[in-house]
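Undergrad: So you can see what is in the structure, the chains are spelled out below.
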Amino acid sequence: MRHLPPPPPEFRARLAALPEDPRAAWDALTALATHALSPLQTNALDAALTARFPTPPAFAPAAPVRLALLGSATTEHLAPGLRVAALRRGIPLALWQPDYGQYQAALEGPDPALAEFAPQVVLLALDAHHLAREAASGSVDVLLDRLAGLWARARALGAVVIQQAALPVAPPLLGANEHRLADSPAAFLAAFNAALRARADAEGAHVLALDAEAAQAGLGAWYNPTYWHLAKQEIAPAAAPAYGELVGRLLGAIRGRSAKCLVLDLDNTLWGGVIGDDGMEGIVLGQGSAAGEAYVALQRHARGLAGRGVILAVCSKNDEAVAREPFASHPDMVLREADIACFVANWGPKPDNLRRIARELNIGLDALVFLDDNPMERDLVRRELPMVAVPETSDDPEQSIAALVGGGYFESLSITEEDRERTALYGANRAREALREQTTDLAGYLRGLEMRLIWRGFDAVGMARIVQLINKSNQFNLTTRRYTEEDVRAVMADPAAFGVQLRLLDRFGDNGVIAIVIGRVDAEGDCDIDTWLMSCRVLGRQVEPTTLNLLAARAAALGAKRLVGRYVPTKKNGMVKDHYAKLGFAPVGETPDGGSRSVLELAGFQPAETFIEVVEG
Amino acid sequence: MPTETEITAGLSEIFAEVFGREIALIPALTAKDVPGWDSFKQIEIIMATEERWGMRFTTRDLDGLRCVGDLIAVVAAKGK
Numbered sequence: 000m001r002h003l004p005p006p007p008p009e010f011r012a013r014l015a016a017l018p019e020d021p022r023a024a025w026d027a028l029t030a031l032a033t034h035a036l037s038p039l040q041t042n043a044l045d046a047a048l049t050a051r052f053p054t055p056p057a058f059a060p061a062a063p064v065r066l067a068l069l070g071s072a073t074t075e076h077l078a079p080g081l082r083v084a085a086l087r088r089g090i091p092l093a094l095w096q097p098d099y100g101q102y103q104a105a106l107e108g109p110d111p112a113l114a115e116f117a118p119q120v121v122l123l124a125l126d127a128h129h130l131a132r133e134a135a136s137g138s139v140d141v142l143l144d145r146l147a148g149l150w151a152r153a154r155a156l157g158a159v160v161i162q163q164a165a166l167p168v169a170p171p172l173l174g175a176n177e178h179r180l181a182d183s184p185a186a187f188l189a190a191f192n193a194a195l196r197a198r199a200d201a202e203g204a205h206v207l208a209l210d211a212e213a214a215q216a217g218l219g220a221w222y223n224p225t226y227w228h229l230a231k232q233e234i235a236p237a238a239a240p241a242y243g244e245l246v247g248r249l250l251g252a253i254r255g256r257s258a259k260c261l262v263l264d265l266d267n268t269l270w271g272g273v274i275g276d277d278g279m280e281g282i283v284l285g286q287g288s289a290a291g292e293a294y295v296a297l298q299r300h301a302r303g304l305a306g307r308g309v310i311l312a313v314c315s316k317n318d319e320a321v322a323r324e325p326f327a328s329h330p331d332m333v334l335r336e337a338d339i340a341c342f343v344a345n346w347g348p349k350p351d352n353l354r355r356i357a358r359e360l361n362i363g364l365d366a367l368v369f370l371d372d373n374p375m376e377r378d379l380v381r382r383e384l385p386m387v388a389v390p391e392t393s394d395d396p397e398q399s400i401a402a403l404v405g406g407g408y409f410e411s412l413s414i415t416e417e418d419r420e421r422t423a424l425y426g427a428n429r430a431r432e433a434l435r436e437q438t439t440d441l442a443g444y445l446r447g448l449e450m451r452l453i454w455r456g457f458d459a460v461g462m463a464r465i466v467q468l469i470n471k472s473n474q475f476n477l478t479t480r481r482y483t484e485e486d487v488r489a490v491m492a493d494p495a496a497f498g499v500q501l502r503l504l505d506r507f508g509d510n511g512v513i514a515i516v517i518g519r520v521d522a523e524g525d526c527d528i529d530t531w532l533m534s535c536r537v538l539g540r541q542v543e544p545t546t547l548n549l550l551a552a553r554a555a556a557l558g559a560k561r562l563v564g565r566y567v568p569t570k571k572n573g574m575v576k577d578h579y580a581k582l583g584f585a586p587v588g589e590t591p592d593g594g595s596r597s598v599l600e601l602a603g604f605q606p607a608e609t610f611i612e613v614v615e616g
Numbered sequence: 000m001p002t003e004t005e006i007t008a009g010l011s012e013i014f015a016e017v018f019g020r021e022i023a024l025i026p027a028l029t030a031k032d033v034p035g036w037d038s039f040k041q042i043e044i045i046m047a048t049e050e051r052w053g054m055r056f057t058t059r060d061l062d063g064l065r066c067v068g069d070l071i072a073v074v075a076a077k078g079k
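If you read the sequences in order, they're chains A and B. Heads up, the first sequence is in numbering that gives the first Met the number 0, so the first residue is 0 and it goes up one at a time. Heads up, the second sequence is in numbering that gives the first Met the number 0, so the first residue is 0 and it goes up one at a time.
Derived by calculation from the structure, the hints in this document are not laboratory data. One or more of the hints may lead you astray.
[To be verified] Cut-off 20 Å, straight-line C-alpha distance, at most; resulting in silico cross-link-like pairs (EDC-like, lysine to aspartate or glutamate):
hint : chain 1 : residue 1 : chain 2 : residue 2
1    : A       : LYS316    : A       : GLU383
2    : A       : LYS231    : B       : ASP60
3    : A       : LYS231    : A       : GLU133
4    : B       : LYS40     : A       : GLU75
Construct all of the structure, not just a fragment, from the sequences and the given hints.
TA: Dropping the structure here:
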């Protein structure tokens, strides 16, 4: 938890004096949760949270999550850490636990109470003692077959599955070559953890990598035999907040609330010293000193993140030309200008510059992680922009890496082609901007892009990207309905529904899959547009009217007479409030929360002419 | 090495944090005497005590705990 700032001294007093207004109370609880709380403070915060909000409030930033925590030993002590970690991400968490050890019966029944709870996520938190008991009687495969059966039952309840890996709690009997001892519990657990990954991937379950965490922090940080013998708590109560945080990251990723962009300060964050004062020869970077090597290691970490889809940006108090110089010509820089999607160096306040970065990248402020060695800057950003994640760090680059890893800000459940290409995508965007500046009129620019929109129905190949887009698109998203893989498969199997994935190509490259539409036609010939979402990086390129042409044709093919569009307002999707009106839909009703319904008759529909060629493929 | 008075004072702070109110600690005090002192609170008390004096209780230490006086004695013995 060292990535979070220490709690304020008046922590208890603020808990005791929560504001009357529910929204203000929720915000106050969230603010208190965003500190490095001790286990007792976590329990106290949870007590205040559950007393004030016995049921999840509707106004929270994220939709509530119903989590069934199914364990084979004691798990009650994990509840506060889970709720607080979810709160930290704006997610109200409803938790269901069976009677002690009844995980199998709960799923196999299924327990009517569990079915009624309708879990969205099932976390199978099986303790390693329990798993190792199968070492004598069966193989790892037998155990995994049994678990896969439970995963299927959880999915039948409509839940996403998280399977906890085994903590390596069994003492070795043979030694370093423990794997040579048949039926060794320690070897069995190691083999289970190794085989679990492939099996979970094959069955669409996610893994809670407790084994990897224990390898990082030491088993003793997670497991204390005294508490196991005392209360059958495999996760030591002192580790309960960290456990909650690990699960919270996965819940955040499932709900599309992981951060998307790492914003880097430069002086004393990315290199040692001040480029404006010390110059290219004076900054500490690269071979020649341990500190210089450490800054290189931080830059490598940042580039590794970029390589799997995290956007990099720079936010520095410097003259821009001076700040860019190391990126252009310092021999030991790992990061180069092409790695930075948005480079902001000036003398203005950093909160303003962070707003600008979010705007230019078309992402929300809560998608930013701001890394800065200066405690004053961190404090300013935390106060002005509480939605921006600001890890605790210093001018020690090792601490910066530990804080980024410890925060798990960029937790991701899959890796898509788009993720790997993201830096190149933003590079191509700069080339597009250059074309736009050269061209005097918009039509000339759009024609010059030579765009092709390639559409395909939902399929297994595109599954990872479809699910990712559905769960992380917040701004250009008409209904913000979140779909799991199971839900997407249900659309594919429904003869009255269609799902379309759209890929945009132009002369500067492949933008990847940038839009998703799901439609469902009823007996009256109404095609309900269940989902229409698009990546903001292709705004202003006529993708919307071209998509409508396609949507109208698909709906008509299923016998639809009209399209019914729905706008469901959220905190983030104000930009599409008039989406359907702009496309010629007629409004037919409004909801009290500012939402609306609109209709387009297909009989008189004239497809819009655009500069985009549409291809099936 | 903390004295019994220092241990009692430290435990008073821990009990106040665990129960959210002041608890007058006397050696004979047991869980039955304090409303809300369940197994969950018991573990909070043990965990916070370990943390405060940087010590780790064994299962035998914990099995011997009957009252506040036992807890003071364990901390005093381990602090030596």
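Undergrad: Against each hint, give a clear statement of whether it holds in the structure.
TA: So, going through the hints one by one against the coordinates:
1. For the hint linking LYS316 (chain A) to GLU383 (chain A), the alpha-carbon distance of about 18 Å falls within 20 Å, and the restraint holds.
2. Among the hinted pairs, LYS231 (chain A) with ASP60 (chain B) is consistent with the structure: their alpha-carbon atoms are about 17 Å apart, no more than 20 Å.
3. Distance hint between LYS231 (chain A) and GLU133 (chain A) is fulfilled; the C-alpha atoms sit about 18 Å from each other, no more than 20 Å.
4. Restraint check for LYS40 (chain B) and GLU75 (chain A): the C-alpha separation of about 12 Å stays at or below 20 Å, so the hint holds.
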